[in-house]
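Residues in the sequence shown are numbered consecutively from 1, following the numbering used here.
By construction, these hints were calculated from the structure, which means they are not laboratory data. Nothing here was measured: the structure is a model prediction, and the numbers come from that model. Honestly, I wouldn't trust all of these hints.
Stated by the list, open to error - With a straight-line cut-off of 25 Å between C-alpha atoms, the simulated DMTMM-like cross-links for lysine to aspartate or glutamate are:
| no. | residue 1 | residue 2 |
| --- | --- | --- |
| 1 | K43 | E120 |
| 2 | K60 | D50 |
| 3 | K143 | E211 |
| 4 | K189 | E221 |
| 5 | K24 | D89 |
| 6 | K155 | E120 |
| 7 | K385 | E319 |
| 8 | K364 | E354 |
| 9 | K299 | D89 |
| 10 | K42 | D89 |
| 11 | K144 | E278 |
| 12 | K364 | D340 |
| 13 | K364 | E319 |
| 14 | K171 | E354 |
| 15 | K189 | E120 |
| 16 | K42 | D103 |
| 17 | K144 | E170 |
| 18 | K155 | E67 |
| 19 | K42 | D255 |
| 20 | K43 | D340 |
| 21 | K42 | E278 |
| 22 | K31 | E67 |
| 23 | K220 | E354 |
| 24 | K143 | E107 |
| 25 | K171 | E107 |
| 26 | K25 | D3 |
| 27 | K144 | E211 |
| 28 | K385 | E211 |
| 29 | K155 | D103 |
| 30 | K318 | E354 |
| 31 | K24 | E90 |
| 32 | K155 | E197 |
| 33 | K299 | D255 |
| 34 | K143 | E67 |
| 35 | K143 | E197 |
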Amino acid sequence: MSDPIFLAVDIGAGSGRVFLGSTKKSRLSVKEVFRFPNTMRKKGGRLHWDIHEIFGNVAKGLRIGAEAGSRPVCTVGIDTWGVDFGLLDENGGLLDLPFAYRDSRNEQAMAEYFTLIPRETIYALTGIQFLQFNSLYQLYALKKFNPEMLARADKLLFIPDLINYFLTGEKATEFTYATTSQMFNPLKKRWEPRFFEAMNVPSSLMLSVVEAGTTLGSVKESVTLGPRLAGVPVLAVASHDTAAAVAAVPADGRDWAFISSGTWSIMGVERDAPVITERTLRLNFTNEGGIGGTFRLCKNITGLWLLQECRRAWSAAKEYDYEELINGTRSAPVFRALVDPDWAGFLNPNNMPEAIDTYCLKTKQPAPQNPSDYVHCILESLALK
């Protein structure tokens with residue numbers, strides 16, 4: 001019997017990648033076969049994710065991966081960044097492009113929701129950190145700003161759920177992703193009903209929650225991925241990208257920690273149960289679900305977002321690749337200026353270099369003078385954070 005091959009799709013808030021995995025003598029080999037950019041788009045003055053473009057890139061990458069393999073594809077799995085979602089109507093149609101978590105409509109939602117349920121109660125029921133763009137507060141913002149659309153909604157699908165649905169026609173939410181929403185009670189293993197009751201939103205919007213490794217369905221023939229992928233099983237893998245990354249850490253026992261770096265940097269440890277205490281609440285630590293019933297006690301830190309946004313701002317005059325930007329820092333002065341990557345002004349500024357200038361002005365530091373200075377400032381600040 002020939003060894004199987006697999007296709008894995010990993011989509012972050014800045015880019016997506018498709019990998020071809022194969023096994024030989026119990027050893028896994030992984031090869032990147034396709035990469036694509038992933039950026040938020042403005043529509044009607046709001047930030048959205050173009051899920052149709054994302055799915056088009058996923059489909060392209062899967063076709064490339066299937067053609068690159070020497071054997072038939074065994075399974076397909078998808079993971080993505082957290083918290084964002086789309087809504088389907090009763091006929092299974094997408095009501096609108098999913099809102100992006102950095103959209104400004106979320107700015108007051110968390111504080112307003114605390115008038116319905118205190119933050120201490122929310123944390124006791126979920127163990128999840130407080131970020132203004134958590135799915136719970138995005139749903140509240142949707143109720144506030146788009147009540148007509150919410151009234152037409154039949155089901156809420158998170159980003160990996162949507163991609164799996166487009167591939168198979170089946171709807172489910174995987175456990176690791178459910179926990180990031182701050183709507184899921186990990187102790188009772190259910191969507192917490194009082195969160196929905198408090199804002200008068202039906203909990204029937206939510207899908208059933210399945211464990212990583214569950215077969216959701218097979219690639220539909222109507223999805224034009226080619227004959228090598230028709231009917232291939234699609235699994236609910238650890239669909240939150242950090243959960244997938246930590247699952248692959250080659251460590252045993254308990255005496256280890258991880259840092260997963262991307263648009264966000266996630267630092268933490270793996271535990272057998274959520275750690276929900278007054279101290280973890282005060283420190284705003286989060287308990288995200290992992291595979292095999294584990295939990296990640298961790299902290300979100302702004303990651304390469306500042307660098308990604310500076311590069312985007314500079315692209316109007318010149319397209320820099322990351323290697324060029326990093327190499328330019330070798331001659332830049334050290335510790336000229338430092339910023340707090342988690343400063344609120346960096347969440348979604350119109351121009352990231354200008355936001356860094358503003359921070360330096362407020363903190364009486366010399367502002368960077370050129371791209372090399374900005375990159376050096378960002379990388380030093382991330383390292384010291």
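For each hint, the structure was consulted:
Taking the CA atoms of K43 and E120, the gap is about 35 Å. The hint is violated against a cut of 25 Å. This hinted pair checks out: K60 and D50 have alpha carbons roughly 16 Å apart, not beyond 25 Å. With a C-alpha separation of about 29 Å, the suggested pairing of K143 with E211 is violated against the 25 Å cut-off. Restraint check for K189 and E221: the C-alpha separation of about 34 Å exceeds 25 Å, so the hint is violated.
Note on K24 and D89: the hinted pairing is violated, with a Cα-Cα distance of about 45 Å set against a maximum of 25 Å. Distance hint between K155 and E120 is unfulfilled; the C-alpha atoms sit about 28 Å from each other, more than 25 Å. For the hint pairing K385 with E319, the CA-to-CA distance comes to about 28 Å; that exceeds 25 Å, so the pair is violated. Our distance criterion of 25 Å between C-alpha atoms is met by K364 and E354, whose separation comes to about 15 Å.
Simply put, K299 and D89 have alpha-carbon atoms about 35 Å apart, too far for the 25 Å limit, and the pair is violated. Only pairs whose Cα atoms come within 25 Å are accepted, and K42 paired with D89 is accepted, the gap being roughly 23 Å. Between K144 and E278, the direct Cα distance comes to roughly 31 Å. Violation of the 25 Å bound is thereby established for this hinted pair. For the proposed pair K364 and D340, the alpha carbon gap of about 14 Å is at most 25 Å, so the pair holds.
A distance of roughly 31 Å separates the Cα atoms of K364 and E319; the hinted pair therefore is violated under the 25 Å criterion. For a cut-off of 25 Å, the pair hint linking K171 to E354 is broken: about 43 Å separates their Cα positions. A distance of roughly 19 Å separates the Cα atoms of K189 and E120; the hinted pair therefore holds under the 25 Å criterion. Simply put, K42 and D103 have alpha-carbon atoms about 9 Å apart, close enough for the 25 Å limit, and the pair holds.
Pair hint K144 plus E170 does not hold up; C-alpha atoms about 29 Å apart against a cutoff of 25 Å. Taking the CA atoms of K155 and E67, the gap is near 35 Å; set against the 25 Å cutoff, the hint is violated. Distance check on the hinted pair: K42 and D255 sit about 44 Å apart at the alpha-carbon level, beyond 25 Å; violated. Using a Cα cut-off of 25 Å, the hinted pair K43 and D340 is violated, with the two alpha carbons roughly 30 Å apart.
Annotation: proposed proximity of K42 to E278 is violated, straight-line Cα distance about 40 Å (limit 25 Å). For the hint pairing K31 with E67, the CA-to-CA distance comes to about 13 Å; that is within 25 Å, so the pair holds. Among the hinted pairs, K220 with E354 is inconsistent with the structure: their alpha-carbon atoms are about 47 Å apart, more than 25 Å. Among the hinted pairs, K143 with E107 is consistent with the structure: their alpha-carbon atoms are about 14 Å apart, no more than 25 Å.
A distance of roughly 30 Å separates the Cα atoms of K171 and E107; the hinted pair therefore is violated under the 25 Å criterion. Using a Cα cut-off of 25 Å, the hinted pair K25 and D3 holds, with the two alpha carbons roughly 8 Å apart. A threshold of 25 Å between alpha carbons decides the hint, and for K144 with E211 the separation of about 32 Å lies outside it, so the pair is violated. Of the supplied pair hints, the one linking K385 and E211 is violated, its CA atoms being roughly 34 Å apart against a limit of 25 Å.
Distance check on the hinted pair: K155 and D103 sit about 22 Å apart at the alpha-carbon level, within 25 Å; holds. Using a Cα cut-off of 25 Å, the hinted pair K318 and E354 holds, with the two alpha carbons roughly 17 Å apart. Straight-line distance between C-alpha atoms of K24 and E90 comes to about 45 Å, which puts the hinted pair past the 25 Å bound. Distance check on the hinted pair: K155 and E197 sit about 16 Å apart at the alpha-carbon level, within 25 Å; holds.
For the given pair, K299 sits about 17 Å from D255 by alpha-carbon distance, which is consistent with the 25 Å threshold. Pair hint K143 plus E67 does not hold up; C-alpha atoms about 44 Å apart against a cutoff of 25 Å. Taking the CA atoms of K143 and E197, the gap is near 12 Å; set against the 25 Å cutoff, the hint holds.
Of the numbered hints given earlier, the model fails hints 1, 3, 4, 5, 6, 7, 9, 11, 13, 14, 17, 18, 19, 20, 21, 23, 25, 27, 28, 31, 34; all others are met.
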